[in-house]
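All chains should be modelled from the sequences, with the hints used to inform the complete structure.
Number of protein chains: 2
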Amino acid sequence: MEPKIATIGLDVGGTKTSGVLLSPEDVLRERERIPTKRSSRESVVGGILDVCERLSERAEVLGLEVAAIGVGFAGFIDFSQGLVIYSPNLPIEDLRLKDVLEERLSMPAFVDNDANVAALAESRWGAGRSVEHMVHITLGTGIGGGVIIDRQLYRGCIGTAAEIGHIVISAGGPLCFCGARGCFEAMASGTAIERMALEAATANPDSPLARLRDRKGHLDVQLLSEAAREGDPLALDIFLQAGYSLGVGIANLINIFNPERVVLSGGVTNVLDLLEERMQVAVKEIAVKPSRESTRIVTSELQGEEVGARGAALLAMELSGRFPVPE
Amino acid sequence: MEPKIATIGLDVGGTKTSGVLLSPEDVLRERERIPTKRSSRESVVGGILDVCERLSERAEVLGLEVAAIGVGFAGFIDFSQGLVIYSPNLPIEDLRLKDVLEERLSMPAFVDNDANVAALAESRWGAGRSVEHMVHITLGTGIGGGVIIDRQLYRGCIGTAAEIGHIVISAGGPLCFCGARGCFEAMASGTAIERMALEAATANPDSPLARLRDRKGHLDVQLLSEAAREGDPLALDIFLQAGYSLGVGIANLINIFNPERVVLSGGVTNVLDLLEERMQVAVKEIAVKPSRESTRIVTSELQGEEVGARGAALLAMELSGRFPVPE
Numbered sequence: 003m004e005p006k007i008a009t010i011g012l013d014v015g016g017t018k019t020s021g022v023l024l025s026p027e028d029v030l031r032e033r034e035r036i037p038t039k040r041s042s043r044e045s046v047v048g049g050i051l052d053v054c055e056r057l058s059e060r061a062e063v064l065g066l067e068v069a070a071i072g073v074g075f076a077g078f079i080d081f082s083q084g085l086v087i088y089s090p091n092l093p094i095e096d097l098r099l100k101d102v103l104e105e106r107l108s109m110p111a112f113v114d115n116d117a118n119v120a121a122l123a124e125s126r127w128g129a130g131r132s133v134e135h136m137v138h139i140t141l142g143t144g145i146g147g148g149v150i151i152d153r154q155l156y157r158g159c160i161g162t163a164a165e166i167g168h169i170v171i172s173a174g175g176p177l178c179f180c181g182a183r184g185c186f187e188a189m190a191s192g193t194a195i196e197r198m199a200l201e202a203a204t205a206n207p208d209s210p211l212a213r214l215r216d217r218k219g220h221l222d223v224q225l226l227s228e229a230a231r232e233g234d235p236l237a238l239d240i241f242l243q244a245g246y247s248l249g250v251g252i253a254n255l256i257n258i259f260n261p262e263r264v265v266l267s268g269g270v271t272n273v274l275d276l277l278e279e280r281m282q283v284a285v286k287e288i289a290v291k292p293s294r295e296s297t298r299i300v301t302s303e304l305q306g307e308e309v310g311a312r313g314a315a316l317l318a319m320e321l322s323g324r325f326p327v328p329e
Numbered sequence: 003m004e005p006k007i008a009t010i011g012l013d014v015g016g017t018k019t020s021g022v023l024l025s026p027e028d029v030l031r032e033r034e035r036i037p038t039k040r041s042s043r044e045s046v047v048g049g050i051l052d053v054c055e056r057l058s059e060r061a062e063v064l065g066l067e068v069a070a071i072g073v074g075f076a077g078f079i080d081f082s083q084g085l086v087i088y089s090p091n092l093p094i095e096d097l098r099l100k101d102v103l104e105e106r107l108s109m110p111a112f113v114d115n116d117a118n119v120a121a122l123a124e125s126r127w128g129a130g131r132s133v134e135h136m137v138h139i140t141l142g143t144g145i146g147g148g149v150i151i152d153r154q155l156y157r158g159c160i161g162t163a164a165e166i167g168h169i170v171i172s173a174g175g176p177l178c179f180c181g182a183r184g185c186f187e188a189m190a191s192g193t194a195i196e197r198m199a200l201e202a203a204t205a206n207p208d209s210p211l212a213r214l215r216d217r218k219g220h221l222d223v224q225l226l227s228e229a230a231r232e233g234d235p236l237a238l239d240i241f242l243q244a245g246y247s248l249g250v251g252i253a254n255l256i257n258i259f260n261p262e263r264v265v266l267s268g269g270v271t272n273v274l275d276l277l278e279e280r281m282q283v284a285v286k287e288i289a290v291k292p293s294r295e296s297t298r299i300v301t302s303e304l305q306g307e308e309v310g311a312r313g314a315a316l317l318a319m320e321l322s323g324r325f326p327v328p329e
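Top line first, the protein sequences correspond to chains D and R. The first sequence begins at 3 in the working numbering and counts up one residue at a time. The second sequence begins at 3 in the working numbering and counts up one residue at a time.
A hint or two may mislead.
In silico EDC-like links for lysine to aspartate or glutamate, alpha-carbon gap of 20 Å or less [to be verified]:
#1 Lys-18/D - Glu-307/D
#2 Lys-291/R - Asp-96/D
#3 Lys-6/D - Asp-28/D
#4 Lys-39/R - Asp-52/R
#5 Lys-291/D - Asp-96/R
#6 Lys-291/R - Glu-95/D
#7 Lys-291/D - Glu-279/D
#8 Lys-291/D - Asp-52/R
#9 Lys-18/D - Asp-52/D
#10 Lys-291/D - Glu-95/R
#11 Lys-218/D - Glu-196/D
#12 Lys-39/R - Glu-95/R
#13 Lys-291/R - Glu-279/D
Quick caveat, the hints were computed from the structure, so don't treat them as lab data.
Now the structure itself:
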């Protein structure tokens, strides 16, 4: 009889902490979600431990042995030490999360960047299934990246590689969250699209676009996309600009990695129809021909809100040594 | 008695074709150099075969068995097929150079990009000796790159990865040789420095800088650097600009690869003293802190004009299976 083992995977983000109990082959057994308690380091860690403990209890009820825990954390991670160096969105610095989890839960734990575990899941179960080299781009409020080389995550010397949101594509351009100017993230993320829309609204106070702002002065990208699809010229222009920037970033990654696939995921892919034409123009202009012709740019094939947590559970499976390793 | 074996390495560039006969541990036994005969595809190949045959004859005289041939070629290479897809500087397209060499010389041949073999040499014998992950940047008339991951060259899916000269760092910026705008190469190469100097000379026709132009209208980077060191403000400003762009490109690569080392080589490193301060400013602004703190930016430790050919000979050694492979 096969051993009934499973892993716990967690996705720790700025707003929520999701967890799954996963059997091999991506079979979801249980799920759990809480708001990330952002008030302090202790509250964030407390939330993580809570989710793990609840999922462990359910595993026991189901007769499953939990072999390991994987965590995808929104921040800079020293993977080999399981250390959260710091998080831009949470009050966390120098947190030895691997040690904390292993001590409290008495099982192996592995901590990686959230964008990395998403890329791993895409590589095994999604649009990167059949390829050796893949660049995975998460287009959301920010831009995250994961790079798969020879079917393995590439992490660099301490684990902070693939910070593709912070490659500068327009030196001296708009200020990024990170403090630099002209980052890919500052030009093509959901936040960048909203910023451009707000600038256009301010410059054209009587335009239909200006009326899309809510009471707090925000401008929702989904609303903006509806306006663009109805032909609003200001809204359309913003997507053309962001689309071109998206293409510049993708072309840079094609020139660097010559990957078989570039996979786009995240909320901004919902408006990809508005971005795609100019994105392709930039890729054609910038990506060198042999690399361009050997790459396909596709969207994620993974569905569901637990993708990050499932990727983290997959990481734990592969690193625990308790599951068959894919070729 | 140890078998006395050696490899032949060739560096085929736009102006010259260099060859070496190399024993293990980088012991140079013979060298050969001819101008690259650029008139036709046949003349380029003829030159390559000539150099190989002359070096083979010398090997025989020395009692050495040639185990394999390696070629570093200035162009886009499909490494697995040993195919020169095309060369920007030579009349070559779709040349199955590996097949041609193996047929004519009856020994294994390996063909790679010239920047890749230079990176390989640096990884084994130079500034990258002790590290797993390294980015090698050749700063000359253009900007070439080679990426070492886990001590091996990273080539991507068909072999055209690491085209780091053509990552766009300033979208819409100056026109690059490749047809795109704002490439790293168009902002920080020797050619870019000369272009900026010529623009400054045109804008300031009575300046000392304007008098540095030769009769053909060229402006030598070495002369420009002397003017800058003597305090010429226009000349200094050009190096400040190019230095910043160099830092942007390096920071992007640090964010992507989190390498232990970034190694700078090529002619432009002769003026690195003028570029370095602003380069470091850009790196500090753009490279994320954990990656920046785990990377050292250094210059090449390899000397001599045959570095490229020695790298190609090393490639042949490692791939021939006839020499002990380094750990």
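Hints the structure fails to honour: 8 and 13
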